[in-house]
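Asks: Each chain, letter by letter, is given below.
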Amino acid sequence: MERIVLPEIENLHQLDVYIQNQGYEAAKKAFSQTPDEIIDQVKKSGLRGRGGAAFSAGLKWSFMPKTTNKPKYLCINGDESEPGSFKDRQIFEFNPHQLIEGILITCYAIGAKVAYIYIRGEYHKWIKLMQKAVDDAYAAGYIGEKMKEKFSNEFACDIYIHKGAGAYICGEESSLMNSIEGQRGYPRIKPPFPAQNGLWGCPTTINNVETITNVPAIINKGWEWFSKIGEPKHPGTILYGISGHVNKPGVYELPSGTLLTDLIYKYAGGVPGNKKVLCVIPGGSSMPPIRGDQIEGVKMDAESLKAVGSAIGTAGVMVMDEDTDLVKVLARISKFYHHESCGQCTPCREGTGWLEKILNRLVRGEGSSSDLDLLISVANNIEGNTICALGEAAAWPVKFMVTRFRDYFEARVKKQVTLSVSNKVHSMRQTAIPLADVSK
Amino acid sequence: MEFKFTEENIQKINSVLVKYPTKKAAVMPVLYIAQEQNGWISLEVMKEVASILEITEEEVLGVVTFYTMYHQKPMGKYHIQVCTNVSCMLRGAYPIYDKVREKFGINNGDVTADQKFSLEEVECMGSCGTAPMIAVNEDFYENLTLEKAEEILESFKNRN
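Quick note, the sequences are listed as chains A and B, same order.
If you count by this note's numbering, then the first sequence holds residues 660 to 1099, one letter each, in order.
If you count by this note's numbering, then the second sequence holds residues 299 to 458, one letter each, in order.
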C-alpha cells in the first residue's frame, strides 16, 4: 500500500529531497486551474477531515464567501492535544513540505492570503522543525511574494506558525481562533460559523494538519485515484496512532476501513504477554470505548465506527489489556477533561469536576452502585448543554464506559475479586482467563 | 522588580508583530519571549507586555492565567514534566511520576529549595506511541522504563 501522507522517502523533510520527489508540482498544477476547479476536485475525492469530525474538506472550503471585501484566512489545526493522538507530530517531523504545499493550494482555493499553523506549545522540537521547513520554503520562493515568480502566477500567500501554550481546548476551532487573536482560548457560540465570521471577524477556514497534507496528492494524482482508496464513504489513508497495551505502538498509515484487529495484531504486534483485549478507545480519549468482544470485524472509518456506537475521532487507538483497571482509566480521563474545561459553561465546568470526584471515590473503593447511575446522570447533563464539544468529550467516555462495562463497574464497586467478564474480552487465544485481582 | 525587554528581544517582538493584523494578537508569542528572558511571568512582565502591545494589563493577565505553559512563579532550572495521561499511564507513567517526587522530595507544582528542579504532572504530550515519557525543559525523553527514567533524572542531578 502506497503511503500518501508519510511516504517512505528518506530525508523527505528536506526541501531539496521533497522537490526531487515531485515537490511543489501539485501547487504549480493547482495554480493553473481556477479555485472552483480545485474545490470541486477535493469535494469529489471524498476527503474528510482528519481532526475528529470527519467533515467533507471540499464542502467546508465551499462555505467561504466568494465575494467579500474582508481578508480571508486559513488556520491549520496542529494543536493535537487529545490523549491518544500523536499523528500530526509525524507530519511536522517527516513531511512538513507536503503540509506547506497543501496550505498553498488550500489558500488559493479559498482565496486566503495568510495561513496560520497552530501548533501546540509543548511540541518545542516539532515547532522548530516546522519553522525550519517554512523558512526554507520562504527562502526558495515557495511562500510569500516570491511565489509569483516561482509559479508564474499572480497568487501569493504567507504562512505563519502560532505556538499554543498548553490548553487542550484550543484544538476546538473557535477557541483556536481566539487564541490566535491573543485571547483566552474560549470557544465561541456558533453560528456564526468561521467561514462567515472567523479570525478578526473575517472569513476563515480551519483544517487539520493531516487533512491538508493529503491535498497535494489529490491534485497530482486526481480525485478518482484518491476516492478509490479504502472505504468509499471515507476514502484515503488514515494515520492510525496506536498506543497503550500493544507490542509496537506507533503511527501506521493504512487505508481507511482497516480492521481494528489487524491494527492491533498485524501491525502493532498484538498485546504484550499475549493478554486479551478488555477495552479499546478507537479515536482519542473522547470517543466512546468499545468492549473487547466487540472489536472483531470492526473497520476503522467514520461510518463503520458509527455503526458500532463509537467514532473515528483522530484515529488515536488506545488498547487496554485484560488486567487494566478501567475505573482508574476513566478517573484519569475525567481528570483530564476537568483540568481542560475552559470554564465558560456551568454544566462542563462543574460537571467535569463532579465526574472526577465520583470516579476518584470509586477508585478509592468508597463508591456504591448508585454512583454508577449518578455518573451517567451527570454525563447526560453535560452532553449537549455546552457551547463546544468538550462537553460531549467529557461525557461520552463516562457514559459509554459505565454502560458498556456495567458488570465490570458493578463488580469493582462491590469489590469482587473475580470478575466474570471473560466474555467481554477479546483474545486470539482460545482459553478464557479471568481478570486480575482488582481489590489491590 | 522592574522588567524591560532586552534590545535583542525588542527586535524579536517586532518580527512577531508583522505576522498579525493587531498588536493584541502577539500577546502569546511576546509572553514566550518574556518568559525566556525573565524565567517566569511576573506582574511587572505583564505590565510591560501590556504597555508594548497597547492592551490592558487585565487582558494580559487573562491570557497568562488561562494557559498552563506560562509560569506564574519561578520554576526550577530543570522543569520536569511527567505525562500521566491514559496512554502513558497504561505503560507505567505513575511509578515514574512517583519516582520523581521521591527523588527530589517535591510534589506537583513544587520547586526544590535550591531552585534546581521543579515538577509538573502534565496532560497528554503527544508521546502516546513512545510512552511513558518525561520532558525536561524543552526536551522529550520517551520510551522510558523506570530504570531509564532514573538514569536520566540522576544525570540531571549531577549537572550544574
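Please keep in mind that the hints were generated in silico from the structure rather than gathered at the bench.
Misleading hints may appear alongside valid ones.
As the list claims (entries may be wrong) - If you want the footprint, here are the derived chain B segments under chain A, 3+ residues with CB under 8 Å: (1) 300 to 311; (2) 314 to 325; (3) 384 to 395; (4) 399 to 413; (5) 447 to 457.
No residue lacks a Cβ here, since even glycine has one placed at the ideal position from N, Cα and C.
Asks: Please go over all the hints and tell whether each is borne out by the structure.
Replies: Status of each hint after checking the structure:
Only residues whose C-beta sits within less than 8 Å of a C-beta in chain A count toward coverage, and the region 300 to 311 of chain B has 0 of them, not enough to reach three; the restraint is violated. For the region 314 to 325 of chain B, the stated coverage by chain A is satisfied: 8 residues place a CB nearer than 8 Å to a CB of that chain, which reaches the threshold of 3. Judged by the Cβ-Cβ criterion of 8 Å, the region 384 to 395 of chain B is covered by chain A as claimed, because 5 of its residues qualify and three suffice. Counting residues of the region 399 to 413 of chain B whose CB falls under 8 Å from any CB of chain A gives 0; the rule of at least 3 is not met.
Taking a C-beta to C-beta cut-off of 8 Å, the region 447 to 457 of chain B contributes 0 residues in contact with chain A, too few for the three needed, and the coverage statement is violated.
Checked against the numbered hints above, the structure violates hints 1, 4, 5; every other hint is satisfied.
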